[in-house]
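Q: The chain contents come next:
There are 2 protein chains.
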Amino acid sequence: MGQRTTEPPISWLMHAALSRPKLISLAAGFTDNASLPVAEARTALNQVLRSPKTGQPALQYGITAGDTTLRQLTAEHLRKLDLGGTPCRRPKNQGRRHAVPPEIYSPERLLIASGSQQLLYMTTEALCDEDDIVLVEDPTYFVYLSILQSRGLRARAVRLERDGLDLAHLEKVLTSLKRRGELPRVKMLYLVSYFQNPTGVTTSFEKKRGILRLLKKFERAAGHPIYLLEDAAYRELCFCPEMKGRDALPRVQAGQQIGPVIAREKSALMVRGAADRVIYAGTFTKPFATGARVGYGVLPEPVFTAVKHIKGNHDFGTANLLQQLFVRALASGIYGRHVARLEKRYAHKARVMKLAIKKHFPRVVEWWEPEGGLYFWARLPRGLQSGVKSKVFSAALKNDVLYVPGEICYADDATRRKPNHEMRISFGNASEKDIREGIKRLGKVLGRFL
Amino acid sequence: MGQRTTEPPISWLMHAALSRPKLISLAAGFTDNASLPVAEARTALNQVLRSPKTGQPALQYGITAGDTTLRQLTAEHLRKLDLGGTPCRRPKNQGRRHAVPPEIYSPERLLIASGSQQLLYMTTEALCDEDDIVLVEDPTYFVYLSILQSRGLRARAVRLERDGLDLAHLEKVLTSLKRRGELPRVKMLYLVSYFQNPTGVTTSFEKKRGILRLLKKFERAAGHPIYLLEDAAYRELCFCPEMKGRDALPRVQAGQQIGPVIAREKSALMVRGAADRVIYAGTFTKPFATGARVGYGVLPEPVFTAVKHIKGNHDFGTANLLQQLFVRALASGIYGRHVARLEKRYAHKARVMKLAIKKHFPRVVEWWEPEGGLYFWARLPRGLQSGVKSKVFSAALKNDVLYVPGEICYADDATRRKPNHEMRISFGNASEKDIREGIKRLGKVLGRFL
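So the protein lines, in turn, are chains A and B.
Its first residue numbered 588, the first sequence is counted upward by one per residue in the working numbering.
Its first residue numbered 588, the second sequence is counted upward by one per residue in the working numbering.
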């Protein structure tokens, strides 16, 4: 009886937070409360519900794959992210190198979901049978690990560098799986490609190309396609305008400089000849309103049809009212203007956190500054544990500050020892004051151990 | 690769409908378009988004199990449905027979989902492993059969009478499963208890008690609990006020009178001592706005916790904005007033359909008049097929009228022959004019074959 689905770590963290009212949580991946577009959402919804003609379809069932207009707008939106069209997100010199087959951004390949999370779930459900293997970044998004665990799937972890997966290690992992006859169980690679949760790492386009080349290479031995599931949930939370003309490359403090992060990378859909192996998951939720839960996926056949059927069984299709909200928000420019404002706000909050970390963290703590997303990633000296059962975590909780222990972002993979000396620190939801105070408390705790 | 999840029959029907613009669909389970509460939804959403104080939480993530206030309101709502409180739905003399343990309607046991459909899916996911057996009514809700099929589960069909399951047949099925050593694979019984889809049958409270008694009896041999999943999606679409003082008992035309339908039955939660075996799935969607996708479940432990974890993996929780819409709609009375209006409207549309059927259907066709819900159920003389590949279905389509063939509502169950001479006819979405014209066309087609 569903025993496989165990208590997700995030529930535990939330519980810990609720039981201490003065606690400052730098753990939650919640987005910034004060900047949520209340007036904008009201405007858009009043437009939708202004008359029976527009209102009735929004309150009626829709079709499983999603509203046709929203799928068209989403396809156009995605094409702009990849090929330019808004100044902020124009990829550097990557747009003209080759023509993009028009079918890549076809609304026909787009499926609307209740957040990109649901798309991750349904894709995994469609592609993987029990005991199959999914390749993941090491570390990766811990809720995705929870999906794998609950479905009886195995994860194989691939080392993460400052600009994405370690391709040599990916090849080694695939070779080793092949040698052990396990390649037929490998169905896909899951990649959080922009401002990764938890590390903030952005995968370079070159690495996406390299990943797809390697997966293709091993397909024959696998006996079936190996898909790349690109989770781009944080893509639009980039600090690009703020970075302009300033030091655009984040620095690794007290660690090696491993290479630049390039925020405005193209998606894997743009890798020539590989679109039939890429599943792209995006969301309007994170950069606009997480309470509205509308995400989307671009899926090649036969995955598109399989996921659409699964969606039909889950819920027949995402709430039409929310879809119409995004039709209005996208078409009217409300969405784009909000994202532009939000980028500035997050860039500012990230700067506040950076200054606080510089001031309060012991110098032996290495940390990665993000160019987008919601998270800083900090690494204690090896030997000092940060996990849920560690002294550091207990002391932090006792001092009313919460972070996400790095260990929960690592898959169970017996081929390497699970690191336990890192922390994900979020500036998403906390106020500036709480960011300063929270980092100060955390710094004090770390100082006591270092 | 997800091959198990095949094209659901409903997609095929929708496709058929789209390709003929003049077609009148009496197939779709869509609700009445003209009565959708556009102004009411706008009012409620404007209240939610009136200020940052109420608007921000609605646009932020919530907790996985659902908004606390909505769960409280839902618990109270459900208690009223079972114990009275609104005149229309007070159960007949059933309220005072025994005290209800207060924990049955506790918000702690309530989980909010994206429509009750998602709750059906997640419960099945939590309770059943591949090759397990679920007992279903014969016929039953065909999307639920699609869930079973996609998850590699087997259905065992139990005969349906005019007032619910045939208990003698249920006992026979359980005994036969026990004899063949298959009882350990039986995890639950799925019951659409009010105005069933597709037949309109309402299960009497006595039968719910009988079902739970039988399931309990076979638990020891099964080695685990056998749950009753009560799907009450149509419960609030009852024609009670309209039926008052009139002939409250629907008649079976040209067939035997099999017994009365009692619409205002209590839920299975009220069966004494059995609440730990009942999973109750309800929805605010059908009686208010199907585009808003908010349903709920009452679940005993350990099912509640297992489903909550699954919900966390699917989507972290249902869109908070929609949940807040229902908080306002329930608390302000908007919801209750709309349901009362809707009941009258559906009762009227059902009457329109009844008169048309009386006028146009050949007298040898037996049909069941519903006391609620969205469907009439008609039975052709045995020998005349109504299925997707039948001459009747083709002729209907050629004459631009669509119904749901009864055959798709029957599980694959080798222990009986699958009936193929029935049709589900919906008055939910069609206009009065279309109901009259659609039934006229269908009558003409039937007349040609009979």
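Since the hints were made in silico from the structure, they are not lab data.
One should not assume that every hint holds.
No copy labels: a pair is met if it fits in one copy or bridges any two.
[Unchecked claim] Distance condition first, Cα-Cα at most 20 Å in a straight line; then the derived EDC-like pairs of lysine to aspartate or glutamate:
{"#": "1", "residue 1": "Lys941", "residue 2": "Glu663"}
{"#": "2", "residue 1": "Lys945", "residue 2": "Glu1019"}
{"#": "3", "residue 1": "Lys804", "residue 2": "Glu758"}
{"#": "4", "residue 1": "Lys803", "residue 2": "Asp1021"}
{"#": "5", "residue 1": "Lys1005", "residue 2": "Glu769"}
{"#": "6", "residue 1": "Lys667", "residue 2": "Asp1000"}
{"#": "7", "residue 1": "Lys667", "residue 2": "Glu769"}
{"#": "8", "residue 1": "Lys1020", "residue 2": "Glu806"}
{"#": "9", "residue 1": "Lys640", "residue 2": "Glu1019"}
{"#": "10", "residue 1": "Lys640", "residue 2": "Asp619"}
{"#": "11", "residue 1": "Lys667", "residue 2": "Glu748"}
{"#": "12", "residue 1": "Lys1027", "residue 2": "Glu748"}
{"#": "13", "residue 1": "Lys978", "residue 2": "Asp999"}
{"#": "14", "residue 1": "Lys765", "residue 2": "Asp716"}
{"#": "15", "residue 1": "Lys667", "residue 2": "Glu888"}
{"#": "16", "residue 1": "Lys1027", "residue 2": "Glu695"}
{"#": "17", "residue 1": "Lys945", "residue 2": "Glu690"}
{"#": "18", "residue 1": "Lys931", "residue 2": "Glu1019"}
{"#": "19", "residue 1": "Lys765", "residue 2": "Asp718"}
Q: Indicate, hint by hint, whether the structure satisfies it.
A: Tested hints:
1. Lys941 with Glu663: For lysine 941 and glutamate 663, the Cα distance exceeds 20 Å both inside one copy (35 Å) and across copies (48 Å).
2. Lys945 with Glu1019: within (15 Å within a copy, 71 Å between copies)
3. Lys804 with Glu758: within (10 Å within a copy, 57 Å between copies)
4. Lys803 with Asp1021: So lysine 803 and aspartate 1021 fail the 20 Å test inside a copy (47 Å) and across (54 Å) alike.
5. Lys1005 with Glu769: neither (22 Å within a copy, 42 Å between copies)
6. Lys667 with Asp1000: neither (38 Å within a copy, 51 Å between copies)
7. Lys667 with Glu769: neither (39 Å within a copy, 56 Å between copies)
8. Lys1020 with Glu806: neither (51 Å within a copy, 57 Å between copies)
9. Lys640 with Glu1019: Between. Shortest inter-copy distance 19 Å satisfies the 20 Å Cα cut-off; intra-copy 44 Å does not.
10. Lys640 with Asp619: Answer is between: at 14 Å across copies they meet the 20 Å cutoff, but 35 Å inside does not.
11. Lys667 with Glu748: neither (28 Å within a copy, 58 Å between copies)
12. Lys1027 with Glu748: Classified as neither; 29 Å inside a copy, 69 Å across copies.
13. Lys978 with Asp999: neither (22 Å within a copy, 57 Å between copies)
14. Lys765 with Asp716: Classified as within; 19 Å inside a copy, 30 Å across copies.
15. Lys667 with Glu888: neither (23 Å within a copy, 48 Å between copies)
16. Lys1027 with Glu695: neither (50 Å within a copy, 37 Å between copies)
17. Lys945 with Glu690: Neither way: lysine 945 and glutamate 690 sit 47 Å apart in one copy and 52 Å across, limit 20 Å.
18. Lys931 with Glu1019: Cα proximity of lysine 931 and glutamate 1019: one copy only (14 Å, versus 54 Å across).
19. Lys765 with Asp718: within (16 Å within a copy, 31 Å between copies)
Of the numbered hints given earlier, the model fails hints 1, 4, 5, 6, 7, 8, 11, 12, 13, 15, 16, 17; all others are met.
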